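Following the hints, position chain B against chain A.
There are 2 protein chains.
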Amino acid sequence: MKVLVTAVLAVAMIGSVRADLFEAAELETARELRALALESNLGYEITADLTTRIGNRLAGSENDARAVEWAVAKLESLGFDRVWTEPATFPTWAREHERVSITSPVEQDLVSLAIGFSPGTPEGGVEAEVVMLDDLAALRAAPAEQVAGKIVFIRKRMERARDGSGYGPTVAARGTGSMEAAEKNALALIIRSVGTSTNRFAHTGAMRFDAGSRRIPAAAISNPDADQLERLIGMGEKVRLKVDIGAQVNEPYTSQNVIAEITGSEHPEEIVALGAHLDSWDVGTGAIDDGAGVGIVTAAAKLIMENAERPERSIRVILFAAEELGLWGGRAWAEAHKDNIENYQLAAESDFGAGPVYEISARVSDEAWPVIEAIHAELEMLGIAMGGRTQARGGPDFMPMSIHGLAAADLKQDGTKYFDYHHTENDTLDKIDPAEMAQNVAAYAVLAWLAAQSPVDFGSGPGLVEGGD
Amino acid sequence: MKVLVTAVLAVAMIGSVRADLFEAAELETARELRALALESNLGYEITADLTTRIGNRLAGSENDARAVEWAVAKLESLGFDRVWTEPATFPTWAREHERVSITSPVEQDLVSLAIGFSPGTPEGGVEAEVVMLDDLAALRAAPAEQVAGKIVFIRKRMERARDGSGYGPTVAARGTGSMEAAEKNALALIIRSVGTSTNRFAHTGAMRFDAGSRRIPAAAISNPDADQLERLIGMGEKVRLKVDIGAQVNEPYTSQNVIAEITGSEHPEEIVALGAHLDSWDVGTGAIDDGAGVGIVTAAAKLIMENAERPERSIRVILFAAEELGLWGGRAWAEAHKDNIENYQLAAESDFGAGPVYEISARVSDEAWPVIEAIHAELEMLGIAMGGRTQARGGPDFMPMSIHGLAAADLKQDGTKYFDYHHTENDTLDKIDPAEMAQNVAAYAVLAWLAAQSPVDFGSGPGLVEGGD
Chain A
1 MKVLVTAVLA
11 VAMIGSVRAD
21 LFEAAELETA
31 RELRALALES
41 NLGYEITADL
51 TTRIGNRLAG
61 SENDARAVEW
71 AVAKLESLGF
81 DRVWTEPATF
91 PTWAREHERV
101 SITSPVEQDL
111 VSLAIGFSPG
121 TPEGGVEAEV
131 VMLDDLAALR
141 AAPAEQVAGK
151 IVFIRKRMER
161 ARDGSGYGPT
171 VAARGTGSME
181 AAEKNALALI
191 IRSVGTSTNR
201 FAHTGAMRFD
211 AGSRRIPAAA
221 ISNPDADQLE
231 RLIGMGEKVR
241 LKVDIGAQVN
251 EPYTSQNVIA
261 EITGSEHPEE
271 IVALGAHLDS
281 WDVGTGAIDD
291 GAGVGIVTAA
301 AKLIMENAER
311 PERSIRVILF
321 AAEELGLWGG
331 RAWAEAHKDN
341 IENYQLAAES
351 DFGAGPVYEI
361 SARVSDEAWP
371 VIEAIHAELE
381 MLGIAMGGRT
391 QARGGPDFMP
401 MSIHGLAAAD
411 LKQDGTKYFD
421 YHHTENDTLD
431 KIDPAEMAQN
441 VAAYAVLAWL
451 AAQSPVDFGS
461 GPGLVEGGD
Chain B
1 MKVLVTAVLA
11 VAMIGSVRAD
21 LFEAAELETA
31 RELRALALES
41 NLGYEITADL
51 TTRIGNRLAG
61 SENDARAVEW
71 AVAKLESLGF
81 DRVWTEPATF
91 PTWAREHERV
101 SITSPVEQDL
111 VSLAIGFSPG
121 TPEGGVEAEV
131 VMLDDLAALR
141 AAPAEQVAGK
151 IVFIRKRMER
161 ARDGSGYGPT
171 VAARGTGSME
181 AAEKNALALI
191 IRSVGTSTNR
201 FAHTGAMRFD
211 AGSRRIPAAA
221 ISNPDADQLE
231 RLIGMGEKVR
241 LKVDIGAQVN
251 EPYTSQNVIA
261 EITGSEHPEE
271 IVALGAHLDS
281 WDVGTGAIDD
291 GAGVGIVTAA
301 AKLIMENAER
311 PERSIRVILF
321 AAEELGLWGG
331 RAWAEAHKDN
341 IENYQLAAES
351 DFGAGPVYEI
361 SARVSDEAWP
371 VIEAIHAELE
381 MLGIAMGGRT
391 QARGGPDFMP
401 MSIHGLAAAD
411 LKQDGTKYFD
421 YHHTENDTLD
431 KIDPAEMAQN
441 VAAYAVLAWL
451 AAQSPVDFGS
461 GPGLVEGGD
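Chains as they are written, first to last, in the numbering used here: chain A, 1 to 469; chain B, 1 to 469.
Check the hints yourself; a few may be wrong.
Copies of the same chain look alike in the list, so a pair counts if it fits in one copy or across any two.
[Said to hold, decoys possible] Straight-line C-alpha distance at most 30 Å; calculated BS3-like pairs for lysine-lysine: (1) 184 x 417; (2) 184 x 74; (3) 417 x 338; (4) 74 x 238; (5) 184 x 338; (6) 156 x 417.
Keep in mind the hints are simulated off the structure, nothing from the lab.
It should be emphasised that the depicted structure is a prediction, and the values quoted were computed from it without experimental measurement.
Just chain A, same shape as in the assembly (with noise of 0.2 Å):
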């Protein structure tokens, strides 16, 4: 018995210790904000309204000024304080055209789309042999004269997990590969889509690409393309494909992040930092990413200034550009905010669909830890579970800001699914369940609300740079 009663003191200690950080008042609100977030559609509908009034809004072209337009005049009609644009200027890229074509034995058509960044073929494409390889590790294992003059096909399948870890090693040949290829004088880089569905759609972002190094045309071809390509193959085939690619590296483009502000009451200088990013990729219309989550955390803002009081400390809702191209908005935000990073006491942005989130890590001071353990005390009914104290970056966009030593807390979503629609055509309004983009939105309301509420400093400084564990 005696070892029971222990437990319930701690417990009850804990809690104790936990409710001490906020007023009952305060914790009144952020239970109110759950459940009206829980109940409201308005995130769902912000969305909508983004996604079917632009539609898709690659960073640098005209729906790119038009998005920033709508961000401006949405968030200006929902009445915060202030709204306000900050420039982020960055490389463009646009796709004219792509076509893969095996050639031989049968011409057949792939779907396939051009890697951003990747440059056109000559006029009419180039044609070849194809060599498959497992990896980009078998590409850099491979033999110069195996590759070149040849396309290269990389056949590596995208794992389906929870947390999307399945992405980061198979995204590398995306990244790399048209540069590693070019290396051994391949003509063309084939890659399978870095996605995790069995429907025709390929996979599109960009490439990465150092100063002076020479690229070769690139493209992803869908899952069954991919498939298709390596069962041909290996009825022992001898394969040719066609790869034909327009696009278009522009001059550079200025766009905006799109900021916009409910003014604390009684630290106004000290900001809790809500994120999305308002550009897309140029096929489907954004909706998962990161339609959701601009609408996620415009909605959390909203519901805060509706139903709360004026928060103590200012909440920020930034709705950055071109992130798909390179983080450009968050870098030139962290390059403008940088030297007054401890006036940003907590980020965190939605990037990754509109998933249920699963878990809360941070990044925080010491002192802050106990303040999001009593947030996440708020948000557990909501099937939320501690992750800890981690490197959490915030998303994204606040990664720029986080070498420089940002807190930050990351609400990890189910993204289980998230990779079926990522990059593709297929990226459209109804890949979102609206129930679940609710609980987005509540968890994002509890946590901004109580960050901007709480009186301790979360961290953020040079002294938080290897913090955390």
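Frame of chain A; chain B shown alone:
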């Protein structure tokens, strides 16, 4: 107790009646075939070979000719007694390009496919305000001034059903919408895809046309794109569309029905006919429509060839030409053989994907009905129920002969998912479950074997025209 005893006796008597229709050894062979088929991957391998080596095979295209060559070689290599071709001539159509876009309020490309036999638009396309209508009835009811000079959008949704019964009411707009909208001087017709998937694939298929009637360019947009268009109109926007279609209605082409026979030992002139069609639409690889059918009926016959005595009646596999463009192979076959219809004992075509067979129904003579019941008894352990005596047509390619009184069995397949893939780019091999496909092969093998061994006449001929219930 008395009731129970009577029931048991009745069951025993029925069992005995059925069994008497076949010799014990014949039933034993049927069961062996069933077991072997369930263990065999042959059907799937045949489908994989066709769809991988040839890809899609639009009737009248180069790949159509390649598919005929493939079929002759494949059937010969499998050891049939005779393999031959019979000509079928038909009008052809070829897709050049299609592009459907919203031009106002913001430009957005929609995923689309021209409907087969659509005329092309004038160079550069047509552009006009869109008029959204619920269905074909609404188009018929609309005053001409409502649609004249506009682009008509029919938003009717297809319902998902095991038996595919949602298709008929929805496909009507694809069939005659172009002619009917032309009568009211619309510029073009856009329909929501006739399919059940929320993936972003458009659904093609042929339109009907009467000689001399005017048609306008027509295309289907994917279901998420139809949602998008509906939503945009619902937001109160005045939406304009642009439709740009390039298509060629070509000269008549002569392709071939490919026929293979296991020649009967006792009654070689009496034929059990298993059908499928060799052509496909020009998108996807025609795996479920109808590569699956080709694999299923060919494998069923091959299993009989290898594992049974030579059947008493002949068994023929008929791979029909140009089904998709209007049952042209089936029409030619009926025309060539209707005078000998009495020889065609029983016909069954597989043309509904590779989902499991759940029911058998048939249209046969009174005398032959107990034979169908006896065959069903051997299909029951495959999960196949008795659907009863119906106006079974044996499948689309046997319909032209059905008019003349062809005895036929329908092995009805679960089509719950069929219209997720049918006539789309996404009809690829990975959509077939090899185990479900093997169940189909087992059903066709049992049906063909027992029908070939039965001494009873199934009743094909003019007298059967009004038969069945």
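- Hint check, failures only: Hints 1, 2, 3 and 5 contradicted; others consistent.
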